[in-house]
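Colleague: Chains C and U, in that order, give the protein sequences. Per my numbering, the first sequence starts with residue 401, numbered consecutively. Per my numbering, the second sequence starts with residue 102, numbered consecutively.
It cannot be assumed that every hint is accurate.
Each pair of labels, with its calculated beta carbon distance range [what the hints assert, rightly or not]: (1) U/Tyr178 / C/Glu637: 47 to 55 Å; (2) C/Lys487 / U/Gln146: 33 to 41 Å; (3) C/Thr639 / U/Thr338: 14 to 22 Å; (4) C/Lys483 / U/Glu402: 43 to 51 Å; (5) C/Thr639 / U/Asn105: 25 to 33 Å; (6) C/Thr639 / U/Gly189: 19 to 27 Å; (7) C/Cys433 / U/Asp185: 31 to 39 Å; (8) C/Asn625 / U/Leu370: 39 to 47 Å.
Simulated from the structure, these hints should not be mistaken for laboratory data. Everything numeric in this text was worked out from a predicted model, so none of it was measured. Cβ coordinates follow ideal geometry from the N, Cα and C atoms, glycine included.
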Amino acid sequence: MSWLDKLLPSMSRSVKTEPSSVPEGLWKKCVKCDAVLYRPELEKNLDVCPKCEHHMRIGARARLGYMLDEDGREEIAADLEPKDILKFRDTKKYKDRLAQAQKQTGEKDALLVMKGFVQGQPVVMVAFEFAFMGGSMGTIVGEKFTRAAELALEEKCPLICFSASGGARMQEALFSLMQMAKTSAALEKLKQNGLPYISVLTDPVYGGVSASLAMLGDLNIAEPNALIGFAGPRVIEQTVREKLPEGFQRSEFLLEHGAIDMIVKRSDMRETLARMCGAMLHYQQPQPVEEEIQQPLDFPAA
Amino acid sequence: MNPNYLEFEQPIAELEAKIEELRLVGSDTELNISREIENLEGKCQSLTENIFSKLTAWQVAQLARHPRRPYTLDYIYNIFTDFDELHGDRHYADDAAIVGGIAHLDGAPVMVIGHQKGREIADKVRRNFGMPKPEGYRKACRLMEMAERFKIPIVTFIDTPGAYPGIGAEERGQSEAIAWNLGVMSRLKTPIISTVIGEGGSGGALAIGVCDKLMMMQYSTYSVISPEGCASILWKTADHAADAAEAMGMTSDRLHELGLVDTIIDEPLGGAHRAPMTAADNIRQQLISSLDELKALSEEELLERRYDRLLSYGRV
Chain C
401 MSWLDKLLPS MSRSVKTEPS SVPEGLWKKC VKCDAVLYRP ELEKNLDVCP
451 KCEHHMRIGA RARLGYMLDE DGREEIAADL EPKDILKFRD TKKYKDRLAQ
501 AQKQTGEKDA LLVMKGFVQG QPVVMVAFEF AFMGGSMGTI VGEKFTRAAE
551 LALEEKCPLI CFSASGGARM QEALFSLMQM AKTSAALEKL KQNGLPYISV
601 LTDPVYGGVS ASLAMLGDLN IAEPNALIGF AGPRVIEQTV REKLPEGFQR
651 SEFLLEHGAI DMIVKRSDMR ETLARMCGAM LHYQQPQPVE EEIQQPLDFP
701 AA
Chain U
102 MNPNYLEFEQ PIAELEAKIE ELRLVGSDTE LNISREIENL EGKCQSLTEN
152 IFSKLTAWQV AQLARHPRRP YTLDYIYNIF TDFDELHGDR HYADDAAIVG
202 GIAHLDGAPV MVIGHQKGRE IADKVRRNFG MPKPEGYRKA CRLMEMAERF
252 KIPIVTFIDT PGAYPGIGAE ERGQSEAIAW NLGVMSRLKT PIISTVIGEG
302 GSGGALAIGV CDKLMMMQYS TYSVISPEGC ASILWKTADH AADAAEAMGM
352 TSDRLHELGL VDTIIDEPLG GAHRAPMTAA DNIRQQLISS LDELKALSEE
402 ELLERRYDRL LSYGRV
């Protein structure tokens with residue numbers, strides 16, 4: 401072994417253990433493989449690590465930006481704001497938590513709704529903002545989701561949802577629980593009217609969101625390696641007092657157990673959504689340019 | 102400490118023990134102590150009234166879980182006649198944490214479905230402490246769709262700490278099973294009445310609780326997460342369960358005030374377990390009158406009403 405070979409491993413180790421030298425903003429570290437990534441390049445790759453293919457969590461606005469055609473986007477029910485109906489207070493007031501989340505994310509609540517197109521096909525698309533109180537579902541999330549479903553019904557187009565949520569929002573207590581019934585009822589209407597609902601599950605989806613709108617898709621699609629389940633791993637471990645199997649509650653685990661239709665990479669998502677919506681609504685496929693066909697002279701009569 | 106009484110009920114337990122003692126003495130001797138007993142009974146009554154007039158949310162939560170509280174089957178046998186239990190989801194198993202079947206209420210058939218907790222240790226285990234697995238929800242769904250086919254109204258009883266958080270339950274799609282029921286129940290063409298009789302624990306409760314009329318027993322609770330669970334997430338320790346119970350507003354009176362619950366069913370003094378037959382009769386009366394109301398609606402009216410009701414939750 402040359403002196404250089406001996407030196408290299410330790411050098412690469414020292415690079416890995418000093419993330420603090422990375423300037424904030426322009427660089428981002430992959431949470432899975434620790435690779436330090438140049439942010440503009442990462443964004444070009446739809447926030448998927450080019451080294452290990454880890455699909456990073458992304459905000460709702462970035463998500464819809466990646467998934468919808470650039471032209472013809474329109475945000476729906478953007479003005480809806482949460483209210484503190486119960487005057488809920490734990491170690492902090494709910495009102496203060498809301499204000500903080502709004503400041504931090506620039507969003508009014510944890511769901512974003514847009515009308516737009518995917519490869520030219522009209523859709524209503526919603527995305528959860530996980531950074532807003534863990535993407536939790538309270539009355540505003542439920543209301544916006546329901547309005548999105550009703551809009552899809554009106555426009556006779558598919559509804560597509562990107563979920564990322566810890567579940568129902570505790571600070572709105574039973575009102576939050578009822579949003580599970582409310583959103584499921586709206587989806588049932590869509591179903592009865594023959595309109596597709598595609599649920600895309602992204603890391604992570606749990607609790608009341610998983611046990612309502614996220615699992616009710618005509619198609620349930622997951623991003624690779626996302627954590628998806630009803631109860632969180634810690635709660636299950638405490639209940640059953642055994643170690644959870646490898647890969648438990650990951651997308652691949654769900655596919656194997658029959659809970660989802662497919663796992664689709666972020667880079668293939670738009671195309672897959674367009675193809676599936678197209679098939680379900682019998683949209684005209686773009687036809688290959690017709691070439692003049694030479695009729696064979698001795699074509700036998702049928 | 103008397104295990105049949107909760108901590109805040111101990112003064113009542115002591116007084117009742119004293120009365121019992123006097124009774125024994127009374128039957129032994131010629132002494133006339135009936136006046137003394139009467140006096141103490143009056144005292145006990147007013148003490149109970151006093152304690153129960155100012156229960157905290159946490160005390161109600163304990164009552165809702167009282168080990169002697171009537172469970173679904175107790176009510177089924179005392180409210181309905183001719184109950185035939187129906188088993189299984191036709192796919193995987195029969196989940197004993199949910200019971201269901203056809204019975205008669207005031208002479209007319211109904212489909213009854215409810216969470217079932219066990220009374221003795223072995224029974225508790227068999228019923229998984231009232232925590233259903235996906236097959237339980239799928240059985241409920243099967244029975245409800247059958248009820249729709251035969252135009253039989255559905256009556257559900259809610260009493261669960263929540264859906265079971267286990268490995269097998271996750272593998273078999275706990276989330277999907279719950280979500281599926283929510284969708285199906287929103288469009289079933291038959292009246293649905295749900296009554297929370299004990300613990301209404303989160304999605305595991307709601308999965309048989311989408312309805313045209315929601316009723317709650319006076320000392321039952323209904324919430325998005327258990328007070329302990331809420332406390333351990335928001336306060337970082339389950340010791341704050343009482344605060345969480347208060348903050349979430351999980352009691353019948355509070356939820357009625359908020360417009361989330363239609364009817365509160367009165368319980369006998371000291372809770373349903375002190376006079377189960379009275380409690381059952383109160384439920385029975387409410388079920389009969391509510392069903393009459395709902396049966397008067399046309400199918401379209403019923404469904405439209407249910408949809409509007411679901412969409413009105415938190416509508417801004």
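Colleague: Against this structure, judge whether each hint is valid.
Modeller: Structure-based check of each hint:
no. : hint                            : verdict
1   : U/Tyr178 / C/Glu637: 47 to 55 Å : violated (38 Å)
2   : C/Lys487 / U/Gln146: 33 to 41 Å : holds (36 Å)
3   : C/Thr639 / U/Thr338: 14 to 22 Å : holds (19 Å)
4   : C/Lys483 / U/Glu402: 43 to 51 Å : violated (31 Å)
5   : C/Thr639 / U/Asn105: 25 to 33 Å : holds (28 Å)
6   : C/Thr639 / U/Gly189: 19 to 27 Å : holds (25 Å)
7   : C/Cys433 / U/Asp185: 31 to 39 Å : violated (59 Å)
8   : C/Asn625 / U/Leu370: 39 to 47 Å : violated (57 Å)
The structure does not agree with the numbered hints 1, 4, 7, 8 stated previously, though it agrees with the rest.
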